[in-house]
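Number of protein chains: 2
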Amino acid sequence: MAQVLYDFSAEPGNNELSIREGETVTVLDQTVGGGWVQVQNAVGQNGLVPEGYLQVGIGGGASVSDTPDGRDRLGAVEDDDDWDDDWDDQSEAGYHGNDQVDGEGGASGQGTQGPSVKISLNKFPFSKGPSPEVFLLAKPPANSRDRLPVYVGEVGPVWFYPSSPLDCVIADPKKESKLYGLKSFIEYQVTASTTNRPVNHRYKHFDWLYERLLEKFGSALPIPSLPDKQVTGRFDDDFIRRRMERLQAWMSRMCRHPVVSQSDVFQLFLTYRDEREWKAGKRKAEKDETVGPMIFSLIEPEAAELDPTEVEQRCEHYSRFTKSMDDVVRELLNVGTTHWKRCTGPLPKEYERIGRAFTNLSTVFISSKYPGEETLTDALTAAGKTYEEIALIVAEQPQKDLLFLLETNSEYKGLLGCFPEIITVHKSAVDKVKDVDRLISSGKINTSDKKLLNQRISHMSYSLQAEMNHFHSNRIYDYNRVMRLYLEQQVTFYQQIADKLRAALSQFTTL
Amino acid sequence: MAQVLYDFSAEPGNNELSIREGETVTVLDQTVGGGWVQVQNAVGQNGLVPEGYLQVGIGGGASVSDTPDGRDRLGAVEDDDDWDDDWDDQSEAGYHGNDQVDGEGGASGQGTQGPSVKISLNKFPFSKGPSPEVFLLAKPPANSRDRLPVYVGEVGPVWFYPSSPLDCVIADPKKESKLYGLKSFIEYQVTASTTNRPVNHRYKHFDWLYERLLEKFGSALPIPSLPDKQVTGRFDDDFIRRRMERLQAWMSRMCRHPVVSQSDVFQLFLTYRDEREWKAGKRKAEKDETVGPMIFSLIEPEAAELDPTEVEQRCEHYSRFTKSMDDVVRELLNVGTTHWKRCTGPLPKEYERIGRAFTNLSTVFISSKYPGEETLTDALTAAGKTYEEIALIVAEQPQKDLLFLLETNSEYKGLLGCFPEIITVHKSAVDKVKDVDRLISSGKINTSDKKLLNQRISHMSYSLQAEMNHFHSNRIYDYNRVMRLYLEQQVTFYQQIADKLRAALSQFTTL
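Read top to bottom, the protein sequences are chains A and B. Heads up: the first sequence at position 385 corresponds to 385 in our numbering, and the numbers run straight through without jumps. Count along the second sequence starting at 1, add 1000, and that's the number in our numbering.
These are computed hints drawn from the structure, not numbers from a lab. Remember, predicted model here, so these are calculated numbers, not experimental data. All C-beta atoms in this analysis are idealised placements derived from N, C-alpha and C, irrespective of residue type, glycine included. Treat the hints with caution; some may be incorrect.
As the list claims (entries may be wrong) - Partner residues are not named here, just some residues of chain B that face chain A (Cβ under 8 Å, in silico):
| # | residue |
| --- | --- |
| 1 | S1324 |
| 2 | V1335 |
| 3 | R1353 |
| 4 | L1361 |
| 5 | V1364 |
| 6 | P1371 |
| 7 | E1373 |
| 8 | L1376 |
| 9 | A1379 |
| 10 | V1491 |
| 11 | A1504 |
Start from the sequences, fold in the hints, and give me the full structure.
Okay, here's the thing in structure tokens:
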């Protein structure tokens, strides 16, 4: 027996069963896989439901997804069976609201399309990495190919940028089936600019990539969350298109990052040649030990070592900057979402009503049978039609300008949301270094370790500076671009209305 | 003792006393005049309050204004003492909501300036005129100067239009005092185009004129209500200006009416040369007996007599038309008022927030200290300023376009509100004529009366047709004019915003 925790609407023709919060169902099969379980409801109907929606053993504290069958099972499985699951790792995470996603929901209008399950995997990856003391003293790995050089450019420390930047195109989403048509999923074609050869990936694969990148680089670089997962409406055309656009934006941002784009795991994802290569690369990536704060052991700055006090000051400055920018971005998202609702809701309704009132006035005037008022009634009819057209233009406008402004700011909210953790890693390192003399006297480290420690924190600071400079140059590019696009569309919008009204005006008699 | 029926806020420096609904006061002097009484409140403060706000004798059913001292007293007084009262006939009417005035309140924003007393004197004036039977058989008056000819023009029956149309200008409102400065009032200069000589009138005088016109012509012509009276804020500059504009609109409409503008009482109001002439004319007008349905005895059509069935059909057609137009005008007022609120309330606030968000983004970007982003931050600051300017433009726009659309439709609502009574007079006459054979057989009228009756109803129909044709030609002129003005201002509005945004856009770097 299990209790239903959340409403779930079955996707038609997909062997699913609709369930409602509070309902009690009998679990028939927990081994279906992919986060699905087979249940029977009180009236005897059978079907699949997401296991995360159930709490097995009424009154008990653990949901299905909290059992050892959840995340740990997936982590432990070495073969790729789970790879084909249609369920987008539903079982791996808890259910909770995510205000970033809410902001996006407002922008895209998806927010009203039914319950969407918001999953955050953006956990600080210290759990898998070593403790701060260990990474501060860790030796750089032998393989020099992995080293992350930091150069000094015009703007200060910078990453190594490849001569030809990577990009990719996500296209052609196709509905595929497995388990003899029992379950369906969407497969995207991803084509890297370097190979021009498409590889297939499901949302689940992007999510795997996100987890690997977060684990490996999350202490040093912002790895923003993927577009939100959604349980219902997954096969809705609008949803598929919107998700693809957001995956594209996410992938393009990762491609633009010199460290991420050149990493083995990212290259594997974009350029694997066959299933064998993919599976081997996947296993290797999952076994990678240079993850979490260990990434800093790869940093190789060409510039002089920094004083820990300077490191601390830079860290403080970036912390203030990212916090301030986060506040503004949130404010823009808030006002943008409010404005979106007004522009698609009451405002066009008013223009429509104004238009209809003019049209009705024309109809009544015609009914007067008073001779010679055709010019006025024709003009009134045209004015009415114009305002009804304006209503449509107003309602569709946010899709043309506000959407891009909101999407860009949502992306930046995601990026900025990663910085507090990056800055925390730096601060905890700064604190360790401050404490270095006590560590020496208590015999935990020796004096030569102190030298390594100061060098390592300097490397961390170069890494942060290179990343901030990367962030700034992208920010300038992105905001210049989004503001141009927004204003261009706004100019077109107002100009179009002015022109339409001018045409309507010309029909009235000049006095 | 008297109970306070409504809150009243004293005008400062005017010897008035603020009172609150439900409060009990002692009436000290009911002979102050002009609708004012002197009262003392529970804490011993003395002052003047409008008598209509009090109910004398707690628990009794009659308010001060319902006593014989109210309207009847004013009607009976032959000298012009009441003429100098500063109180705009407050005591003559009951208090009730008036949805026309509500619409206007929304348009002008006066609705939120405190309680405004809405007074309707638009009673059907049968009370003063004779019964339908009498007026249908009444002989035309001897004075042929008063006759109202109806000609047949291109559009059908029309009034006699003077060769040079009358107009007047209301200007220069001045605050005047009387009773040795105890009470204040506003005096307007009214200058007729025919004399070019200003005469002084107070709102109270306009109200007197309105009552005379309503009494004399209300059965045949729409005499719309004056702009609403208001107890508080009477000396507020905005209120004085708005009231003057509406009095101007009302007077201009009356001037445009060939029957009203040529009447003795209207000419007296515009052209009296001295106090003596004014008082004599005023007394004469108040004694005029050709009022109410008696007005139809003055009609002299040049065309052939109409069949009562045709009269009935025309009457039905006008009834349907005016009803339909009234519905549309109300819808326009409703949507206009809603739109006004949005355009002056949440919409500019959103533009302001968008503008501030861009400005804040610029400020944060400047704080990054990243080199070479001045072009972006300058452009963002300019974009922010532009949206703050747009907020102001949006908030001020309704005063430039919607106001005139709403004012014109309010005027038409007032005009259309008069037609049901005009049509009722015609219908009751049609009913009498249908009953004519029974009236003959019962000896109430004779067969020669039947001829007169048919003639009289034909005259009434010519009057109604002439009036509808006057209404239609004014309607076409007014709606063409208001639509032109509205659309011109709307074009300017959207064009101005498009141009501003284009300038803001030009500051961003082309990619």
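To see whether the hints hold, each was checked on the structure:
Taking 8 Å as the C-beta cut-off, the interface hint given for S1324 of chain B holds, the closest approach to chain A being about 5 Å. Proximity of V1335 of chain B to chain A holds as hinted, the smallest CB-CB distance being about 4 Å (cut-off 8 Å). For R1353 of chain B, the shortest C-beta to C-beta distance to chain A is roughly 4 Å, which falls under 8 Å, so the interface hint holds. Interface restraint check: L1361 of chain B against chain A, minimum CB-CB distance 5 Å, threshold 8 Å, status holds.
Against a cut-off of 8 Å between C-beta atoms, the interface hint on V1364 of chain B holds, since the closest Cβ of chain A lies about 5 Å away. About 6 Å separates the beta-carbon of P1371 of chain B from the nearest beta-carbon of chain A, less than 8 Å, and the hint is met. For E1373 of chain B, the suggested interface contact is upheld, since its CB lies about 5 Å from the closest CB of chain A, less than 8 Å. Taken as an interface hint, L1376 of chain B checks out: its beta carbon lies about 5 Å from the nearest beta carbon of chain A, inside 8 Å.
With a cut of 8 Å, the hint placing A1379 of chain B at the interface with chain A holds, because the nearest CB-to-CB distance is about 7 Å. Taken as an interface hint, V1491 of chain B checks out: its beta carbon lies about 5 Å from the nearest beta carbon of chain A, inside 8 Å. A least Cβ separation of about 6 Å between A1504 of chain B and chain A falls short of the 8 Å threshold, and the interface hint therefore holds.
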